[in-house]
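Could you put the whole structure together from the sequences, leaning on the hints where they help?
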Amino acid sequence: MFDKEYLSSSQKLSAFLDGELPQNDVQSLFYEMASDTELQDELRTMVSVKEMTKSSIIMPPPALKSSLDARLGLDKILADKSMKKIAGASFFNNRLFQSGMTAFVAAFITYMLMLTTTEETGNPAMLADKSVVKSSQELHSATIPVVSSFAKNSTQPSNDNTLTVNNRKDTPKQQRSNYTSTSVAEDNINANYTLIPQDLVSSQIDDVQYTDINYSDYIQMTPLDKFELPVTPHQYNKNTPIQPKRTEILNKFSLEMKYNQGKSYPNLDIPVETEPIINNVTVGLFYKYNELNSLGIEFGQENYYQRYFFKEDELVKRYEQNWMAFWGGITYNHDFAKVDFYAPLHPYYRFMIGGTQIGPLFKSSVGAKLPLSDKMYFVLALEGSYLVYHFQDRSYSSSRLGLSLGFSFGL
Amino acid sequence: MPDNLKNITDEILYGMLSNTDGSGKGAFDEIYTRYASNIYSYCLKVMQNEDVAQDIFQEAFARVYESAQKNKSMVNFAGFIITITRNLCLNEKAKKHNQNLDLDNYQFPVYDKSYAQKELMDLLQISIDALAFEFKEPFILKEYMNMSYKEIASELNISVSTVRIRIYRARQKLKEIMAPYINDIQKGENNV
Numbered sequence: 001m002f003d004k005e006y007l008s009s010s011q012k013l014s015a016f017l018d019g020e021l022p023q024n025d026v027q028s029l030f031y032e033m034a035s036d037t038e039l040q041d042e043l044r045t046m047v048s049v050k051e052m053t054k055s056s057i058i059m060p061p062p063a064l065k066s067s068l069d070a071r072l073g074l075d076k077i078l079a080d081k082s083m084k085k086i087a088g089a090s091f092f093n094n095r096l097f098q099s100g101m102t103a104f105v106a107a108f109i110t111y112m113l114m115l116t117t118t119e120e121t122g123n124p125a126m127l128a129d130k131s132v133v134k135s136s137q138e139l140h141s142a143t144i145p146v147v148s149s150f151a152k153n154s155t156q157p158s159n160d161n162t163l164t165v166n167n168r169k170d171t172p173k174q175q176r177s178n179y180t181s182t183s184v185a186e187d188n189i190n191a192n193y194t195l196i197p198q199d200l201v202s203s204q205i206d207d208v209q210y211t212d213i214n215y216s217d218y219i220q221m222t223p224l225d226k227f228e229l230p231v232t233p234h235q236y237n238k239n240t241p242i243q244p245k246r247t248e249i250l251n252k253f254s255l256e257m258k259y260n261q262g263k264s265y266p267n268l269d270i271p272v273e274t275e276p277i278i279n280n281v282t283v284g285l286f287y288k289y290n291e292l293n294s295l296g297i298e299f300g301q302e303n304y305y306q307r308y309f310f311k312e313d314e315l316v317k318r319y320e321q322n323w324m325a326f327w328g329g330i331t332y333n334h335d336f337a338k339v340d341f342y343a344p345l346h347p348y349y350r351f352m353i354g355g356t357q358i359g360p361l362f363k364s365s366v367g368a369k370l371p372l373s374d375k376m377y378f379v380l381a382l383e384g385s386y387l388v389y390h391f392q393d394r395s396y397s398s399s400r401l402g403l404s405l406g407f408s409f410g411l
Numbered sequence: 001m002p003d004n005l006k007n008i009t010d011e012i013l014y015g016m017l018s019n020t021d022g023s024g025k026g027a028f029d030e031i032y033t034r035y036a037s038n039i040y041s042y043c044l045k046v047m048q049n050e051d052v053a054q055d056i057f058q059e060a061f062a063r064v065y066e067s068a069q070k071n072k073s074m075v076n077f078a079g080f081i082i083t084i085t086r087n088l089c090l091n092e093k094a095k096k097h098n099q100n101l102d103l104d105n106y107q108f109p110v111y112d113k114s115y116a117q118k119e120l121m122d123l124l125q126i127s128i129d130a131l132a133f134e135f136k137e138p139f140i141l142k143e144y145m146n147m148s149y150k151e152i153a154s155e156l157n158i159s160v161s162t163v164r165i166r167i168y169r170a171r172q173k174l175k176e177i178m179a180p181y182i183n184d185i186q187k188g189e190n191n192v
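These protein sequence lines map, in sequence, to chains A and B.
In terms of the numbering used here, the first sequence opens at residue 1 and continues consecutively.
In terms of the numbering used here, the second sequence opens at residue 1 and continues consecutively.
Hints are computed from structural coordinates only; laboratory data are not their basis.
Hints are not guaranteed to be accurate.
As the list claims (entries may be wrong) - So the derived label-pair ranges between C-beta atoms look like this: (1) B:Asn87 x A:Gln23: 31 to 39 angstroms; (2) A:Ser9 x B:Asp51: 40 to 48 angstroms; (3) A:Gln321 x B:Asn157: 32 to 40 angstroms; (4) B:Lys93 x A:Gln392: 25 to 33 angstroms; (5) A:Glu320 x B:Arg34: 29 to 37 angstroms; (6) A:Asp36 x B:Gly79: 33 to 41 angstroms; (7) A:Pro360 x B:Gln172: 55 to 63 angstroms; (8) A:Asn24 x B:Thr33: 38 to 46 angstroms; (9) A:Phe30 x B:Ile158: 27 to 35 angstroms; (10) B:Asn87 x A:Ala63: 20 to 28 angstroms; (11) B:Asn76 x A:Gln321: 32 to 40 angstroms; (12) B:Asn157 x A:Ser8: 39 to 47 angstroms; (13) A:Pro371 x B:Ala94: 51 to 59 angstroms; (14) A:Phe391 x B:Ile158: 35 to 43 angstroms.
To be verified - Covered by chain B, per the in silico footprint, the following chain A stretches (three or more residues, Cβ under 8 angstroms): (15) 41–52; (16) 55–62.
A quick note: this is a predicted structure, and the numbers were derived from the prediction, not measured.
C-beta: ideal position from N, C-alpha, C; glycine also.
The following block contains the structure:
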């Protein structure tokens with residue numbers, strides 16, 4: 001091959017190592033090397049470099065194979081039965097599975113936190129229910145008989161024979177007939193003091209004396225006053241159904257505006273196509289259906305990097321862009337117990353299921369609200385988004401991680 | 001992986017890729033097993049950027065699979081896949097205008113005499129990365145893809161003699177950088 005060319009000894013060595021030196025030249029090279037120590041050293045060095053180069057071959061990351069299979073639609077095909085385990089492993093590397101697992105874990109943590117809150121501090125929702133019953137409206141309109149002893153600070157049923165049944169002026173006979181067969185209910189005014197067993201009431205019922213009670217005196221001394229709930233005089237009228245006031249409904253709504261600064265993945269270096277004013281802004285309206293949980297609708301605009309492949313002119317082409325997505329969805333919000341950390345913080349967890357023009361969008365965030373006034377909060381949250389879209393029979397996804405900050409206004 | 005696929009040639013495996021049953025997937029897995037590390041190493045060395053190398057690596061295998069859906073016959077599969085990979089790399093380099101390191105002016109890290117094997121490997125990687133592309137490419141094709149001078153010449157559209165010279169020069173550059181360290185190791189081994 002190299003007969004007509006002049007090759008230096010060093011060049012012959014290189015060709016020899018590659019198995020490309022003709023047999024004649026190999027023999028002459030060996031003769032030369034036998035008497036040339038420098039050439040021997042050069043051979044040793046070249047062999048070492050070659051061995052090191054060979055050993056530096058790098059295996060691709062396993063995730064590349066899963067991703068390649070998914071792209072070619074091979075992840076749904078099993079080569080044979082022995083391949084099932086491998087296919088199972090690739091399923092666990094699937095991004096959809098990972099995002100589903102993330103949502104499940106987040107929901108589980110939320111549930112556990114709710115349980116913890118209930119066990120350790122008492123369910124605030126239950127406290128809230130009690131306060132509702134305590135209100136003058138409920139008190140005067142209750143149809144369930146409330147038997148109370150007003151023996152102050154007594155944890156035992158009172159020995160005082162004087163029992164009071166609401167403030168209704170029924171005759172003793174009517175009351176006896178009405179209430180002896182009724183379980184004694186807990187008087188929510190003196191909830192901690194006045195629960196009386198029914199048998200005790202039955203034994204005392206013959207000696208009942210009825211007195212007119214001015215409830216406002218007792219309401220003022222109730223332990224529930226610490227909640228500072230408004231107690232207003234109310235005229236009982238059983239024919240008038242109780243309607244929540246319009247302001248009470250509005251109080252359950254809040255409006256939220258946030259700005260999101262984040263990074264979209266896959267990580268591409270492409271400028272955003274347009275920059276309208278509302279880009280990266282989120283607007284939400286939330287309804288608090290109990291003390292801890294809210295439902296809301298949110299919408300906004302964000303940019304997502306996209307990388308997908310398409311067939312054109314018998315070629316597979318890759319397309320990359322920084323797409324501006326207008327999105328909207330339904331959000332579930334769970335508030336955790338208030339944390340006093342330099343300032344009273346209200347941590348929360350939020351999960352949104354929504355959509356864009358091209359596919360579903362999932363958002364999840366963890367954050368905290370800092371009250372600035374009775375009706376206004378500063379909101380700061382860590383937010384993750386996952387966009388799924390479909391193109392030419394293949395599914396792709398983009399994700400986004402960022403920091404949201406804004407304000408929440410009570411209505 | 002079914003054992004029976006291991007004895008099948010690349011070209012027959014390529015013909016099986018278009019099968020819609022499990023054998024198509026099995027053939028693809030076998031081809032992947034045979035070429036993944038070489039192709040990936042080639043992409044990494046040529047592009048010197050892990051993200052870009054991964055993209056090209058995936059694209060190369062995807063194109064092989066897509067082409068097999070139309071053509072069942074293949075004469076030289078190794079040449080085919082390296083041609084696809086090389087073209088993708090060259091296109092990407094043309095787009096990015098990748099900065100090549102100047103080997104003569106490059107400041108190599110100074111290692112302690114007690115350098116470990118890993119440090120030596122790192123030094124080799126830096127040295128290969130720093131080679132001029134015209135020398136690096138045939139060298140990588142030879143060392144990573146086990147291609148003959150003739151195959152490399154055909155792939156790069158240059159003469160066999162040029163291939164030999166370029167590989168030799170690449171090797172000389174690496175030897176210059178690595179020799180002091182390798183000699184230290186060899187002396188150490190002799191003393192033991």
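Evaluated hints:
1. Checking the proposed 31 to 39 angstroms range against asparagine 87 (chain B) and glutamine 23 (chain A) shows it holds: the Cβ atoms sit about 36 angstroms from each other.
2. Between serine 9 (chain A) and aspartate 51 (chain B) the beta carbon distance is about 43 angstroms. The supplied range of 40 to 48 angstroms therefore holds.
3. At about 35 angstroms, the beta-carbon gap between glutamine 321 (chain A) and asparagine 157 (chain B) stays in the expected band of 32 to 40 angstroms.
4. Between lysine 93 (chain B) and glutamine 392 (chain A) the beta carbon distance is about 28 angstroms. The supplied range of 25 to 33 angstroms therefore holds.
5. Range check, glutamate 320 (chain A) to arginine 34 (chain B): about 30 angstroms between beta-carbon atoms, so the 29 to 37 angstroms window is met.
6. Separation of aspartate 36 (chain A) from glycine 79 (chain B) is about 38 angstroms and conforms to the stated range, judged on CB atoms against 33 to 41 angstroms.
7. Between proline 360 (chain A) and glutamine 172 (chain B) the beta carbon distance is about 58 angstroms. The supplied range of 55 to 63 angstroms therefore holds.
8. Restraint check, asparagine 24 (chain A) to threonine 33 (chain B): a C-beta distance of roughly 39 angstroms satisfies the suggested window 38 to 46 angstroms.
9. For phenylalanine 30 (chain A) and isoleucine 158 (chain B), the hinted distance range of 27 to 35 angstroms is satisfied, since their beta carbons lie about 30 angstroms from each other.
10. As the Cβ distance of asparagine 87 (chain B) to alanine 63 (chain A) is approximately 25 angstroms, the hint placing it in 20 to 28 angstroms holds.
11. The hint said 32 to 40 angstroms for the Cβ distance between asparagine 76 (chain B) and glutamine 321 (chain A), and at roughly 37 angstroms that hint holds.
12. A hinted range of 39 to 47 angstroms for the beta carbons of asparagine 157 (chain B) and serine 8 (chain A) is inconsistent with their spacing of about 26 angstroms.
13. In this structure, proline 371 (chain A) and alanine 94 (chain B) meet the distance hint of 51 to 59 angstroms, their C-beta atoms being roughly 58 angstroms apart.
14. For phenylalanine 391 (chain A) and isoleucine 158 (chain B), the hinted distance range of 35 to 43 angstroms is satisfied, since their beta carbons lie about 40 angstroms from each other.
15. Taking a C-beta to C-beta cut-off of 8 angstroms, the segment 41–52 of chain A contributes 9 residues in contact with chain B, enough for the three needed, and the coverage statement holds.
16. For a cut-off of 8 angstroms, the count of residues in the segment 55–62 of chain A with a CB near a CB of chain B stands at 7, and the three-residue condition holds.
Consistency note: the structure conflicts with earlier hint 12 alone.
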